[in-house]
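Starting from the given sequences, assemble the full structure and let the hints guide the process.
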Amino acid sequence: DAGITQSPRYKITETGRQVTLMCHQTWSHSYMFWYRQDLGHGLRLIYYSAAADITDKGEVPDGYVVSRSKTENFPLTLESATRSQTSVYFCASSPDRGKNGYTFGSGTRLTVV
Amino acid sequence: QKEVEQNSGPLSVPEGAIASLNCTYSDRGSQSFFWYRQYSGKSPELIMFIYSNGDKEDGRFTAQLNKASQYVSLLIRDSQPSDSATYLCAVLPSGGYNKLIFGAGTRLAVHP
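Those sequence lines, one after another, are chains A and B. Going by our numbering, the first residue of the first sequence is number 6, and it counts up by one from there. Going by our numbering, the first residue of the second sequence is number 417, and it counts up by one from there.
Read the hints as simulated data drawn from the structure, not as lab findings. The structure displayed is predicted, hence computed values, not measured ones. Fair warning: there could be bad hints in the mix.
Stretches of chain B that chain A covers, calculated by requiring three or more beta carbons in the stretch to come under 8 Å of a beta carbon on chain A [stated by the list, open to error]: (1) 436-450; (2) 453-465; (3) 500-508; (4) 518-527.
Positions of the beta carbon are idealized from the N, C-alpha and C atoms, including for glycine.
What follows is the structure, given as structure tokens:
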């Protein structure tokens, strides 16, 4: 399917476990982003990537790791999940730095118990 | 720290009325401004963007930008119950950190 897809849609994991959220886009967009959305905080940038093998931290990177070996994929890994990482995670992409906005995936709702 | 501020609402308007949503931003050099609509449990969807001072109209939606006062607004004419959603304002700031910064959103409720 064309577009940007995230998996899984829902995930429940235990504290301390490693979990990876997947993001795949078919547009060959250079830029990809990971945001988390929490009540009262809105969307906060975790990590972003300007191209394959180029990644950088956003506003709230602690506890997360990203990689981008291929243009189309941008997985987000929680190395040791904590309850404070319970959130809705959105992946987004853009062909440029964002002059025309970003397109978001459908999101992953993660619960850490 | 660059910020985008919105009233969280809820903003309640009757069907057929004009809904006015406002947003202020702190970075005077910001270049591009966006309005996203987010239905409950769904992802944000881009509905409008504006770059220049003044108004930009698209169907029932009008985005207004005033860079001198550092605010951007979204007007929704002839509001419908299907417009009930959270509206996120996003700003592309100037300088090295040119990633979209989002406000926390305003919840709009359109009642019949």
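Hints and how they fare:
Only when three residues or more bring their CB closer than 8 Å to a CB of chain A does the claim for the region 436-450 of chain B stand; here the count is 3, and the claim holds. Remark: the region 453-465 of chain B is confirmed as covered by chain A, as 6 of its residues place a Cβ nearer than 8 Å to a Cβ of that chain, reaching the required three. Note: the region 500-508 of chain B has 3 residues with beta-carbon separation from chain A under 8 Å; the three-residue rule is met and the coverage holds. Counting residues of the region 518-527 of chain B whose CB lies closer than 8 Å to any CB of chain A gives 4, which reaches the minimum of 3, so the coverage claim holds.
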